[in-house]
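> As a plain string of letters, each chain reads:
Protein chains: 2
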Amino acid sequence: MIVSFNPSVRTLMGPGPSDVPPRILSALARPTIGHLDPEFVNMMDEVKGLLQYAFQTKNELTIPVSAPGSAGMECCFVNLVEAGDKVIVCQNGVFGGRMKENVERLGATAIMVEDEWGTAVDLAKVEQALKDNPDTKIVAFVHAETSTGASSDAKALCALAHQHDCITIVDAVTSLGGSELKVDEWGIDAIYSGTQKCLSCVPGLSPVSFNEKAIEIIKNRKSKVNSWFLDLNLVMGYWGANAKRAYHHTAPVNALYALHESLVILQQEGLENSWARHTHHHLALRAGLEAMGLEFVVAENDRLPQLNAVTIPEGVDEAQVRSRLLNEYNLEIGAGLGSLAGKVWRIGLMGHSSRGENILLCLSALEAILSDMGAKINIGVAIPAAQKALNQ
Amino acid sequence: MIVSFNPSVRTLMGPGPSDVPPRILSALARPTIGHLDPEFVNMMDEVKGLLQYAFQTKNELTIPVSAPGSAGMECCFVNLVEAGDKVIVCQNGVFGGRMKENVERLGATAIMVEDEWGTAVDLAKVEQALKDNPDTKIVAFVHAETSTGASSDAKALCALAHQHDCITIVDAVTSLGGSELKVDEWGIDAIYSGTQKCLSCVPGLSPVSFNEKAIEIIKNRKSKVNSWFLDLNLVMGYWGANAKRAYHHTAPVNALYALHESLVILQQEGLENSWARHTHHHLALRAGLEAMGLEFVVAENDRLPQLNAVTIPEGVDEAQVRSRLLNEYNLEIGAGLGSLAGKVWRIGLMGHSSRGENILLCLSALEAILSDMGAKINIGVAIPAAQKALNQ
Numbered sequence: 001m002i003v004s005f006n007p008s009v010r011t012l013m014g015p016g017p018s019d020v021p022p023r024i025l026s027a028l029a030r031p032t033i034g035h036l037d038p039e040f041v042n043m044m045d046e047v048k049g050l051l052q053y054a055f056q057t058k059n060e061l062t063i064p065v066s067a068p069g070s071a072g073m074e075c076c077f078v079n080l081v082e083a084g085d086k087v088i089v090c091q092n093g094v095f096g097g098r099m100k101e102n103v104e105r106l107g108a109t110a111i112m113v114e115d116e117w118g119t120a121v122d123l124a125k126v127e128q129a130l131k132d133n134p135d136t137k138i139v140a141f142v143h144a145e146t147s148t149g150a151s152s153d154a155k156a157l158c159a160l161a162h163q164h165d166c167i168t169i170v171d172a173v174t175s176l177g178g179s180e181l182k183v184d185e186w187g188i189d190a191i192y193s194g195t196q197k198c199l200s201c202v203p204g205l206s207p208v209s210f211n212e213k214a215i216e217i218i219k220n221r222k223s224k225v226n227s228w229f230l231d232l233n234l235v236m237g238y239w240g241a242n243a244k245r246a247y248h249h250t251a252p253v254n255a256l257y258a259l260h261e262s263l264v265i266l267q268q269e270g271l272e273n274s275w276a277r278h279t280h281h282h283l284a285l286r287a288g289l290e291a292m293g294l295e296f297v298v299a300e301n302d303r304l305p306q307l308n309a310v311t312i313p314e315g316v317d318e319a320q321v322r323s324r325l326l327n328e329y330n331l332e333i334g335a336g337l338g339s340l341a342g343k344v345w346r347i348g349l350m351g352h353s354s355r356g357e358n359i360l361l362c363l364s365a366l367e368a369i370l371s372d373m374g375a376k377i378n379i380g381v382a383i384p385a386a387q388k389a390l391n392q
Numbered sequence: 001m002i003v004s005f006n007p008s009v010r011t012l013m014g015p016g017p018s019d020v021p022p023r024i025l026s027a028l029a030r031p032t033i034g035h036l037d038p039e040f041v042n043m044m045d046e047v048k049g050l051l052q053y054a055f056q057t058k059n060e061l062t063i064p065v066s067a068p069g070s071a072g073m074e075c076c077f078v079n080l081v082e083a084g085d086k087v088i089v090c091q092n093g094v095f096g097g098r099m100k101e102n103v104e105r106l107g108a109t110a111i112m113v114e115d116e117w118g119t120a121v122d123l124a125k126v127e128q129a130l131k132d133n134p135d136t137k138i139v140a141f142v143h144a145e146t147s148t149g150a151s152s153d154a155k156a157l158c159a160l161a162h163q164h165d166c167i168t169i170v171d172a173v174t175s176l177g178g179s180e181l182k183v184d185e186w187g188i189d190a191i192y193s194g195t196q197k198c199l200s201c202v203p204g205l206s207p208v209s210f211n212e213k214a215i216e217i218i219k220n221r222k223s224k225v226n227s228w229f230l231d232l233n234l235v236m237g238y239w240g241a242n243a244k245r246a247y248h249h250t251a252p253v254n255a256l257y258a259l260h261e262s263l264v265i266l267q268q269e270g271l272e273n274s275w276a277r278h279t280h281h282h283l284a285l286r287a288g289l290e291a292m293g294l295e296f297v298v299a300e301n302d303r304l305p306q307l308n309a310v311t312i313p314e315g316v317d318e319a320q321v322r323s324r325l326l327n328e329y330n331l332e333i334g335a336g337l338g339s340l341a342g343k344v345w346r347i348g349l350m351g352h353s354s355r356g357e358n359i360l361l362c363l364s365a366l367e368a369i370l371s372d373m374g375a376k377i378n379i380g381v382a383i384p385a386a387q388k389a390l391n392q
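These protein sequence lines map, in sequence, to chains A and B. Read in order, the letters of the first sequence are residues 1 to 392 in our numbering. Read in order, the letters of the second sequence are residues 1 to 392 in our numbering.
Chain A with its partners taken away, still in its complex shape (with noise of 0.2 Å):
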């Protein structure tokens, strides 16, 4: 017989689900409603100006899809682009290369900028590629790449983009409420994001928004969506402003009290002030990291506060620091993904997880772990330089 799971208490700082405070799981488990009881309409209301005010939009296309963010990717691309469209994709880590599987799945073209991973998307290299092909439609970009920590001009690439007579498609997975991300002062628009990552909610919903041009393209498509159940047109009676809610699909109705609940908690601390105490624990963590001898990927101009990605001191088993530090202090770091595998450590402080005691518990962990494994670190000295950046 099978019995009731019990997970052990972790910390996550690794590249999302961050650490869910007790306020978020609270809300999760409060008595479930009906997905069309009007108290639980009137609450999905909330979500969208709460997630407009996350957002920065006046969009009134501003919903959480109610699957995890790949499949607000998912939806992104579905409703905007069609067969024999073309569409320009930014490729510096992972998540480019699934928007590249997302296009082609759906008939379209894919012309690639490939940029280094851990660097920023290379304006110019869109630029030249957007001149290369005067019948682009859409371009994509990751704007936080949760594979590497660097993160990219969405401004600049929206104006660029726009002054070609192209839309935007921007993956918001990493930035969403933890660094600067301002939809309509910049001009994106089409946006998705995940909700475990700086929102500190449970994984399993993307937000996602849509400006007019978006929308009226989306109205405006000669094919059928080719998914019934992301098609935005059939999406919007049910989440739309009109009066009537059309039955389209269950919503996950636990996940959104979650969701409404950490987009509360953001309201009250302020867009703004959550920004800035991401940068401010990326201090922190780096300068611990650096002290111990650690070495960040990313050029400090497009680095992360959220997504601290570390080189391994040599000779050092990776995989075998992440289980022990998960086994010996409960601490959940990243892996490298794709070319960074086993070249890197994905350190998050995303959300709730960017927090003081986490960073030094991970750098005191770490420390212990590495010089006991042999590695060359410098002893005794991250916590100190940790400490003076966090009293700053």
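It is worth saying that the hints were derived from the structure and are not from the lab.
Any copy will do: because identical chains look the same in the list, a pair fits if it lies in one copy or spans two.
Here are the simulated lysine to any residue pairs, SDA-like style, with alpha carbons at most 25 Å apart:
| no. | residue 1 | residue 2 |
| --- | --- | --- |
| 1 | Lys219 | Glu101 |
| 2 | Lys100 | Glu82 |
| 3 | Lys343 | Val41 |
| 4 | Lys224 | Gly84 |
| 5 | Lys224 | Gly338 |
| 6 | Lys48 | Ile2 |
Given the coordinates of chain A, work out where chain B should sit on it, guided by the hints.
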């Protein structure tokens, strides 16, 4: 400022979600851990085993899709259907129509076999369609129509499909855990369900199961699966038996805790006992409703115990009744969908909602409101009739 959301405590006797018991809500709120944490991966294996029990199958590919039932439906169609295929879709309610949408959006042809809403799928019509369309690849039908409360003979339909060299896709959203369902014995090739019906888990996940024949079709597709998110060739890398769990998407960790707990509860009760409990309570509710003078939509032999569609007494504003049930008794029952909208109520007795207390509450509240509104019903006889049936 928007504040935390605290829903009223409802009794859920609509078409789902059903009442989620405290044990499952507690499991849902356990601390989030990483989606690649060894403890989590071990729990995933348990979920697979427990789902195999619930589905009565040995199918290795038995997993929950990380999205609601409509995504589970789409997962079956998008993986098994290719452009140009011919699929027989049996429609006797809302969900057959959704299957048609799925088939057509994949560039395939849906041969519709239509039956009146509230009746079972007619085997003779399906046989004729198979004879008329010898190049059919798949027969798709709904085992338990949530929109009408009609059950169809899944075993006979599968046998018929196999005689004509077709595989089957079966919608078991409302049957899983609530009424007899035997995937292997009946020869179901692909099946999807939901968590928020007779499993009484929160909405948001869709258990699916595919047998070897279905997997062969998926592995030998001419074209890539249209959806990256639902591509089982990729999903199998994360949920598969192989030691290396390849990252595909971030699993909805906490929702899976809840599903695990709901399946542990099912295992403890015993599947046959759960089926018997649903039937027992259906008979009690039926005794009460019929004593009151209400009539069932579905003929006795095809009636689902867990979803009771009853006609509305003449001259009664059905929406007002539902609204009063919700506001005065915190009790949710369902409206009619599609061609039954405004004509029926759907009273669910699913999972944890299938309890004697709920039946007595529902009958008392309905009697009080209907008599207050001057409806022609029999007074004072429903509760004794239901009590008598409950005691049998």
